[in-house]
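Using the supplied hints, reconstruct the complex from the two chains, each of which is provided in its own coordinate frame.
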Amino acid sequence: MASNDSSGWGSRVGLVLAMAGNAVGLGNFLRFPVQAIQNGGGAFIIPYLVCFLLMGIPLLFVEWSIGRFGGNKGHHSTPFILDSMDKRALWKYVGVFGIFTNLAVAAYYCYLESWTLSYVWHSIADSFGGQTQPEVANFFGNYVSLGTIEPIIFWILCLLLNTWILSRGLSGGVEKAAKIGMPLLLIFGAFLAFKAVTLQAGENGALHDGTLGLNFLWTPDYSTIWDAKVWLAAAGQIFFTLSIGMGSIQCYSSYVKRKDDIALNAMSAGWMNGFVEIVLGSAIIIPIAVGYLGIDGMKQLLSEGGGLGLGFKTLPYLFEQWGSLLGVIAGVAWFGLLFFAGVTSSLAMGTPVMGFLKDEFNWKEKNAAWAFGLAVFLLGLPTVLFFNNGVFDEYDYWAGTVSLVVFALFEIILFAWIFGMKAGWDEINQGADIKVPVIFKYVIKYVTPLLLGWVFINSIPDIVSTLNHDKSKEKIAFYENAGEMKKKSEEQQKLLLKKSDFKQEYLNNSITSDEKLDKNKLISFPTYLLIKKERELSKIITDNTYRMSKIESENNTMLFKNVSRIFLLLLWLGIAYLVYLASRKLNLKKS
Amino acid sequence: MSAEGLTMMLATEITVTLITAFFFFKILRTPKKQEPDSFSKNDSE
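Which chain is which? The protein sequence lines are X and P, in order. According to our numbering, the stretch in the first sequence is residues 1 to 591, in order. According to our numbering, the stretch in the second sequence is residues 1001 to 1045, in order.
Think of the hints as simulated: they come from the structure by calculation, not from any bench. Be a bit skeptical, because a hint or two may be false.
[As the list claims (entries may be wrong)] Okay, derived cross-link-like pairs now, SDA-like style, lysine to any residue, Cα gap no bigger than 25 Å in a straight line:
| no. | chain 1 | residue 1 | chain 2 | residue 2 |
| --- | --- | --- | --- | --- |
| 1 | X | Lys435 | P | Ala1021 |
| 2 | X | Lys229 | P | Thr1012 |
| 3 | X | Lys471 | X | Ile551 |
| 4 | X | Lys259 | P | Arg1029 |
Computed from a predicted model, the values in this text were never measured in an experiment.
The following block holds chain P by itself, in its conformation from the complex (with noise of 0.2 Å):
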């Protein structure tokens, strides 16, 4: 591969996956809120 395509891909690749992940993480590290919420599966905890 060429450098200039090399970079392209490697630098937006990692920074959507990174983006994609950090954000991700986020929802399933956030505490739940206090009931009564939107999610039925936390209706029973």
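Okay, chain X solo, but in the shape it has when bound (with noise of 0.2 Å):
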């Protein structure tokens, strides 16, 4: 089917920003350094860079280059882009998980850009002075638990911002975006980053210099390089993060004429983001959380609630301690900052969307802007609504994670062996500003197929104990057993034993509730959590009733994360019915 096409890009500079922006996300402020944590520290840069050139680069020129190839025959989704690439009907089907997966991430990934702008407003009301770190940790417990309208407010406004956006067209709505989003991104995470690597011990509260969080991040471990974990870590982080096996590269190089680049664009934006992720990204949160609360307490943050966690639950509070003003400023910087990450993403994740409705059922901009608008509302309602009982982490894994590499690797195996490698070179270098170096041809061939394939195989296992809720289980079996409640129970009292600031009165049944425990600011942030576990733990170890809530709390979470699943299984048969209708109405008007 011919576009309708009138949108394109205003101008190069502005298609490498945009598509920078499409790259640069929360993960790079909020997953990297933890995975980097996780997995070997410093060394851990060394799988994640062999990855980056392996597997990320290969595949940002095999996305650009198919992109511009199925852009020129007139398609800017990828059903029909891969389908131009090979007649067979599979590769029709396969490109409807470059629309599935952008319209089922947008609808939990707008909820999480809504926090952030959400936070920029409270961080300017200054909600935060004055608060306690569990306030501040009650305050994001309370708000995703919908406790107040204002969440889903602040979710309609940012739905509303980003059809807006998309409404206005390539040019002159995402263009402009990344053109203001990027450089203050960039602005914002410089300022933060200063602010966190000069911290010193002693100065507003902190208890160590901001470089003993660097230099427990970037101290390398190399025992780990071996570990095959490290390398899946490494691998999945370069997935995330360079927005691979979307399908929003190819929308945006699908309006890239055949003779202009795309071999720089590719590394232009591939390395800005990896610019953004390893050295703005490496120097905040760690560096911040570690100068305040210690190398123990922040991991304890982290095995508490990852990146996110710590983003949204102990850095607002960790900022007021620089002063009222300059903790207003860091807020608005952090949350900006992330905002401006999430908006210029879940732009890019818009367009394939638009493309596919603009070109194959001859849709106006504005018309399908709303109906992306419309449908990430309705996709997206169960992850606000159902938050805690794990729908928003269901259509993460199985949307943001597992068909990313299921799609990369179908669309690289098109590319190398049926596209075939010789005409597949002859797309990259078409119009090519650099050389690329020739290695390339045969990585793309060998290497990264193998690599994406290692990927998936080694998913698997992962993907089985999804399916059968093995962590719900576990939890389940947990609070059935006594026996392993009370092993876990004596390892917590021995483990709050060794802390300087703990007192056995704090544990003692005149303190009741945990309002008290709140307000008391005279232990450490990990003591307190150990607190608060040990009496969780007591809890369920004397109340009955109250271990048989836990139960069927879990029990609920599984079903919902069915029902979750079979949501998005009719998602993406939906999809794949319209692609069908779309090829039927195409087969009709050729004959």
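Set out below in structure tokens:
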């Protein structure tokens, strides 16, 4: 179907910034440093860069080439872009992943993005001023539990903003947003990184220098390099960070003409993402968290809620220690940075869906943008309403993790082995402003597919375990097993006794409520968390009703997760049906 | 910071920054291609 595309890129810098903005997301700041810490510190950068060279860059070349090839045949979404490369029906339906992933990821990602917008507002309003660490953490808990209507308002605002920008087209909307968002992101990131790295022990309540956190993150543990899990984590990080396997890169590059470069553009956008992740991403949350909480405290918090927990539950409190004005500025910079990282990515998720509707069903730009907004609203509603029941995580796992690997594996096979490496290599080099080293021809043909296959095969046990709800079943078994709980309780007690600021009275019955514990500012946050855990365990051991409620809650979580899976499967099938209809329409027109 | 950590951090960050700057400046300095190209802002020039 010929495209009714009136849109395109305004400038080359705009295209590169939009593509870099697509890749730079919240994971650059919240996921990468955590992955590095958990996988060998500074040594993690070795598998990370190897995977970037052998999987990231080759896939960037492939996706940019595929996109430009399909775009020049009038298609801007993966079902028909892949169809233009090989006429077998299979590829159209493989291309469904390139729309499915964008819709399903946007459904939960826009909610996450709206938190950052809301936290910018709360930073300006100084909502966290005078609050204790647990109170700031509870604020987040109440927020996602929908204690007020505010999360829904911010989520809808965020959806409206995305839709409005998308409705203004590529050069008038997406590109302008990237040209504003990316420089601001870099300025905010540089400011926070400077503050974090220059944090001094004893200044503004900091216990340690910020460089202690950097040291912890960057000191290499070379023994981990031979661990397959570390390589899998590095490969996974490369996937998430570059937005490969999603279908959005292909869509953006489909608006590039055949004689224009893609090789230099791909390298520039890819390395720009690497810069934000490695240089800025590693220099913010870990140095600040270690500066205030120490290495143990930071590790404890990461085990509680990962980078997301650290970023939303703890950082607002730590910024407050910098004084009221600087605290507000830091809060706005941090959540503003996350917002710009998020919005430039979610905009990229809208364009393939719009491209599909415009090309194959002759929809107008504005109507396609509003249809995307409405679809994200409907699909995202369960992630907002049932966040605490695991719906958000389920979307993230199937659409934001498994689907990416499956799609990337198929597309590299199509490009290197079916479309053929000779034609593929010509596509990459067509109009190129740099000379692509010939070694990449062989890397794309042999190494990248093998590496992707290895990542996929290694993911299978986790997929099976997730399908079987093994984690929920483990939790249920734990709540049913009194012996296991007592053992865990003894371990917690031992850990507590080691804490210098722990007093037995904290566990006394006279302190019955968590509120009283929350108000006790004499203990450190790690001790506070341990006391809370110990209390929770005591409650589980002694209170049968509470234990039964936990088991029931886990059963509910499994039910919600199953419903989410069915929902996602129906979404995939629905898009596949639309592809079938469009394909039939196309065949009728041809005949 | 330990010498090992500092070396790893500086080596990585300087390399990544230089490569990023190199590619971005190359984009800025590459002459525009003849019309019609992919970018509407070049059209009016």
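Comparing the hints with the structure gives:
Proposed proximity of X/Lys435 and P/Ala1021 is supported: the alpha carbons are some 18 Å apart, at most 25 Å. Using a Cα cut-off of 25 Å, the hinted pair X/Lys229 and P/Thr1012 holds, with the two alpha carbons roughly 22 Å apart. Simply put, X/Lys471 and X/Ile551 have alpha-carbon atoms about 13 Å apart, close enough for the 25 Å limit, and the pair holds. Only pairs whose Cα atoms come within 25 Å are accepted, and X/Lys259 paired with P/Arg1029 is accepted, the gap being roughly 18 Å.
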